[in-house]
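Counting from 1, one number per residue, gives the positions in the sequence shown under the working numbering.
What the hints contain is simulated information worked out from the structure, not anything from laboratory work. All clues given are correct.
Dumping the calculated EDC-like pairs for lysine to aspartate or glutamate here, alpha-carbon to alpha-carbon at most 16 Å:
#, residue 1, residue 2
1, Lys-182, Asp-87
2, Lys-190, Asp-111
3, Lys-182, Glu-90
4, Lys-122, Glu-169
5, Lys-182, Glu-88
6, Lys-171, Glu-143
7, Lys-105, Glu-152
8, Lys-182, Glu-86
9, Lys-128, Glu-88
10, Lys-137, Asp-174
11, Lys-122, Glu-90
12, Lys-137, Glu-169
13, Lys-178, Glu-126
14, Lys-156, Asp-192
15, Lys-183, Glu-126
16, Lys-123, Asp-87
17, Lys-183, Asp-87
18, Lys-183, Glu-90
19, Lys-122, Glu-88
20, Lys-137, Glu-92
21, Lys-138, Glu-95
22, Lys-105, Asp-192
23, Lys-183, Asp-125
24, Lys-137, Glu-95
25, Lys-163, Glu-152
26, Lys-190, Glu-98
27, Lys-182, Glu-126
Label-pair distances were calculated between CB atoms; the ranges are:
#, residue 1, residue 2, range
28, Leu-43, Asn-136, 20 to 30 Å
29, Ile-194, Gly-32, 53 to 63 Å
30, Thr-193, Tyr-28, 54 to 64 Å
31, Ala-35, Asp-134, 30 to 40 Å
32, Thr-41, Thr-146, 15 to 25 Å
Idealized CB from N, CA, C, for every residue including glycine.
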Amino acid sequence: MAPKNDAKPEPEQTEESPSEKREIPKLYILLGFVAIILFQTILLTFLLPGSPKLPAEDTSGDASFNTPKGGAPDVGPMQDPGILREDEIEVEIGEVFEISTPSPKSPEKSDIYTVQFYARIKKSDEPKFTPLYDLNKKTIRWEIRTVLNKAELADKQDPNQTKIRHQVEVKINDILGKPYIKKIITPEYKFDTI
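Let the sequences and hints guide you as you build the complete structure.
Quick look at the structure:
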């Protein structure tokens, strides 16, 4: 009988030549590219100019003439839109927006904010603006609702609606890719607690 050899045979040790080097799986390469693209997108989002910059608040005038004794105005005053120049037109932006949020003063009640927006654009831009606006109408409506939902209570009660109008103008111009809108006008807004 032959003696049993319990020793395992040693695997052959060979040096890898440069052409036989271990390959990196293609999935890892793909994930690396995706990570790089995602990182660049996030970085560029924060670094590119064009992020909304709000105008400084005007504290020189006394806005108390619009406010009743009890606090905030119920119905916004007619905003002075200025004189409509001959080379400009006003276009209605979306429908009447109505946003309802729980009232911070009394949880059982709701604050209802209703507003209609109009945009002032150049007459020469109307043929380009109208199809772009129609194409992006749902996105614009969504962004306006987002601005209104994120707005502070003080911004909704502001008689001039300065911050909200500016944010809506910036959002629409960003969506359209060109600053077609010269001014956003809110001729009337309503803020009620029910």
